[in-house]
Amino acid sequence: MDRISESVVKKDHLPKVSGRSVYVADYPTEGVLFGKLLHGKVARAKVLDVDVPELPEGYFYVDARDVPGDNNVNIVLDDTPVFCRETVEYIGEPIAMLCGPDEKTVERLRDACVVHYEEQEPVLDIRTADHVFFDYHFGHGDVDKAFAEADKVYDEEFETGYQEQAYLEPQGMMAVPEEGGRMFVHGSAQCAYYVHGAVMRVLGCGPAGVHILQDVTGGGFGGKEAFPSILGCQVAVAAHKCGKPVRCVFDRREDMEYTSKRHPSLCRYRVAVKDGRVTAMDIDVKFNAGAYSTLSAVVLQRGIIASPGIYNVPNLRVHGSAVKTNTSPCGAYRGFGAPQTFFAVEMMMDHIARDLGVDSLPFKEAHLVKQGDATSTCGKYHFPVPIPAMIAEVDAECDYRAKRERYARPQTGRYRRGIGMSMYFHGAGFTGSGERDLIKAVAKLRKYADGTVEILASNGEIGQGVRTTFPKIVANELNLPLEKVYYDHPDTARVPDSGPTVASRSLMVVGELLRRAAIKLREQWIDGVEQEVEERFREPDFMIPFYIDKFQGDAYPTYAWAVNAIEVEVDTYTGITKILGAYGSFDVGTPIDYNVVLGQMEGGFLQGIGYASIEKMDYDAKGRIRNNSFSDYLIPTTKDVPNLKCMLHVEKYPDGPYGAKGAGELPLVGAPGAYVEAMEQALGGVRLHHAPFTAEDTLAVIAKEGL
Amino acid sequence: MVNGYAPDSLREALELRAKYDVVPYAGGTDLMVENRPGVTYLFLHKIPELRRITVDENYVRIGAAVTFTEALSDERVPQLMKEAVSRIAAPAIRNAGTFGGNLGNGSAKADSVLIEFVADARLRLVSLNGERIVAVEDFYLGRKKLDLHSDELIAEILLPRTGLERYSYQKVGGRNALAISRVSFAGVFSMENGRITNVAAAFGAVADTVLRYRDIEQMLIGKTFEEAKALKADYLKAYAQRMVLTRGRVSAEYRKNVCMNLLNDFLTKFGI
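Protein sequence lines, in the order shown, are assigned to chains H and A.
Residue numbering for the first sequence follows my numbering, starting at 302 and increasing by one per position.
Residue numbering for the second sequence follows my numbering, starting at -1 and increasing by one per position.
These are calculated hints, taken from the structure and not from any lab test.
You may find that some hints are simply not true.
Derived DSS-like pairs: lysine-lysine, alpha-carbon spacing no greater than 30 Å straight-line [to be verified]:
1) H/K879 to A/K267
2) H/K923 to A/K254
3) A/K44 to H/K940
4) A/K227 to H/K1005
5) H/K821 to H/K785
6) H/K923 to A/K142
7) H/K1005 to H/K704
8) H/K785 to H/K745
9) H/K940 to A/K254
10) H/K342 to A/K142
11) H/K879 to A/K142
12) H/K1005 to A/K254
13) A/K230 to A/K267
14) H/K879 to A/K80
15) H/K940 to A/K267
Some chain H residues well away from chain A (every beta-carbon gap over 12 Å; in silico) [as the list claims (entries may be wrong)]:
16) H314
17) D367
18) P841
Just so you know, even glycine gets a beta-carbon here, dropped at the ideal spot from N, CA and C.
Bound-form chain H, shown alone (with noise of 0.2 Å):
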């Protein structure tokens, strides 16, 4: 193990375990009004009226009205209004927010608002909807010829459906008006400058009218990437028209319901295959993107990109669209729409080699992509794919092959076992030129006369270390002990812009340009003196540029790379699933800390098989989401998953810190191929095509087929 990824103990984490840190809900009362959303309950409607009780002294109703600049969050788009527009389009839509300095009496008045409505007739089954919010469209080869030449055309569907982010911290913003007219918003966040970017123009100020900074954040995992933009709109409005602090922190029930969550996918695979071999595959991809876009168009992107897996496909067509439906907007979640994709492409390939008379493993290392191959896109796999020393590892530690083997064999009795395996990659940083074009991080050392090293950088701490791995590469860059550099939460009046905390990408792009920063300013070093030295992201030479209207070039500098098992035993007279053992090979590049990393695979991977097997979210008929609690929506414990093994593979990437890959969201994207793959098995060799694939799945399975 390189001296970088010795564990340290991380920096928040005494003020954390003992309770002293300060989130957004900690922060004293006095003075500061609290804001409760006033949420349309219909799923599709005009709004004709809206009778607001009589205010006490002190008390708001704050609109679309109270806007001073423009009532659009912006997001990709900007089409996600602050407040309502004429329109609700999904239960749970904010109306307007009531503030005041008394929490029951706010929510008193809020509940005594009476919202007329002319309802209309909501779109709820992705199916059929019709409003197409982004359309792709990519490939290569010649799809129709090898379709004609095919010996067979296989054809399937797959659905996934929503996954919950379940943050222990619910999402929570305050707006606090400062003197000369400034507005200081702050909370749970990944993104402060996108906050920023978006109070601003709902503000109509410039970018010194308003900053933000990100409070201690009790975990994210993309559900605060987007999110907090709004909110922290809202908030901010309200504050503007209140003259006073305002805050709004949601409940349980609120967040589960009302905020962002996975997309839910419909995929369909037509496959040739000609000779035993994969020849062509033409992939209709579809997301649920909820009643506005978001970050539908990014999160599209990512998952049509991976949709044919890590497998070489000659000729290849992609279409990939994301829907509206009168439903909770979707949004950004650990993968990204990689999950999505991922799991349908490795039960596909699965479906055919068993159709074939092989078994899956074998039928997808033949066809396993390797350095110098081009990507889906036409880019190229610059560096080693180590996809077959990891299935050897995982072969190894948990005997994959045999047990394969032996649980192909006819079952009886009670409890029936599987094991299945997934592989895949996560493409660090931002899809295609992101980085370059967008993002154009800058990163920041300021030193201090008493030899003091501060990172000013955007990066928000969310629970994977990053106020922890940053300085200890800036103080081994420096040769300092890691007490002399620290790295605060950002504030955008503090930091420049080194891009928002996602796309596993902070230690990676962030963490380089702070190393280089680090040894510009060793070269510099005067003792007894401040200093600052700054970086700027540059694109690494290799890489084939990136077209997005054509989705063509490398999508991706690198890939962190996965290979999962999954071993299970169903008990066919209750359907319940144990899981015997998972098993993760992860390849995230060398660890910054060996402890963070080790913590974000097993956290990642539990999160994955709770996707897979029991997290199962729904809209009923009214387009409402009834299980909004953790006793109804369940994710699971240590107690589900006790034989988590995961293992590090370390391929070094020479562009990111020390050889450092992406590692936040790999760990999550494969357990549903790998999990459905073994119930498949345990269950009698049946296909098997959603997830997740719960208990009472199982059961009506073992019924239909009198198992």
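Assemble chain A onto chain H, guided by the hints.
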């Protein structure tokens, strides 16, 4: 601000219970979550009579404020009850949660109550006017519906000392810990002189209250193995017809399917 009384003796508690509109509060694991505004609680944790486990000629008597953790470490508590209690929530909740509270919450999902149903447990209810002993089935009437007068407290659960050795138990939750039962099943079996003397079966979390059908059980009482085997199909059919289950977090069909599988397994396990 929480309002309430914390009496030191049962007598004092019963006086307060009779005089005021109070909600009895033992471990508080349900009430804390509910956090109803404007409620006055009667805290029962300081009352020695409610915190004891004792044994008499016929019963293991578990005080209403005995916690699940305490019962799990007490060798007098029948193994069947321990199996069910050990699957409740997680250690922190078992440390606080009590038998009386599990009953008082009035849910068909209560894991200890299922065992009380299948074991023919009785409850000792006390008030200033004295006490009454009732069968759990007569007490537990439906969702949040208990035969408990406004001046009464649940004092003890009376579990039979013998006859619970041969059992079948299964909890089906949404995950392995911190999960409310979606289906739960308990069966108790005994034979004497080659004849079935008890074949109790109870189903939890599938309807408004715990289900037990004594008349169907009667089909097998007094029968030999051979006779019972011959009746098994009719017996299962009778259950299948009788059980009208509600949907909850899972469908009614799933629940029915699981109940029938577990019932069948119970008989099979004891040779029928």
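Quick rundown of the hints versus the structure:
Distance check on the hinted pair: H/K879 and A/K267 sit about 22 Å apart at the alpha-carbon level, within 30 Å; holds. The straight-line distance between the Cα atoms of H/K923 and A/K254 is roughly 27 Å, inside the 30 Å bound, and the hint therefore holds. Proximity of A/K44 to H/K940 is assessed by CA-CA distance (about 33 Å); at most 30 Å being required, the pair is judged violated. Proximity of A/K227 to H/K1005 is assessed by CA-CA distance (about 27 Å); at most 30 Å being required, the pair is judged to hold.
Restraint check: the Cα-Cα separation between H/K821 and H/K785 comes to about 17 Å, which is no more than 30 Å; the hinted pair holds. Straight-line distance between C-alpha atoms of H/K923 and A/K142 comes to about 29 Å, which keeps the hinted pair within the 30 Å bound. At most 30 Å may separate the alpha-carbon atoms for a hinted pair to count; H/K1005 and H/K704 meet this at roughly 26 Å. A C-alpha spacing of about 16 Å is found between H/K785 and H/K745, which places the hinted pair at or below 30 Å, so the restraint holds.
For the proposed pair H/K940 and A/K254, the alpha carbon gap of about 27 Å is at most 30 Å, so the pair holds. Between H/K342 and A/K142 the alpha-carbon distance is near 29 Å, which keeps this suggested pair within the 30 Å criterion. For a cut-off of 30 Å, the pair hint linking H/K879 to A/K142 is broken: about 33 Å separates their Cα positions. Proximity of H/K1005 to A/K254 is assessed by CA-CA distance (about 15 Å); at most 30 Å being required, the pair is judged to hold.
A hinted pair counts as satisfied when its Cα atoms are at most 30 Å apart, and A/K230 with A/K267 qualifies at roughly 13 Å. A threshold of 30 Å between alpha carbons decides the hint, and for H/K879 with A/K80 the separation of about 22 Å falls inside it, so the pair holds. Taking the CA atoms of H/K940 and A/K267, the gap is about 28 Å. The hint holds against a cut of 30 Å. The beta carbon of H/H314 is kept farther than 12 Å from every beta carbon of chain A, the shortest such distance being approximately 22 Å.
The claim that H/D367 lies off the interface holds: its Cβ sits roughly 31 Å from the closest Cβ of chain A, which is beyond the 12 Å cut-off. Here H/P841 stays apart from chain A, with its beta-carbon at least about 44 Å from theirs, past the 12 Å limit.
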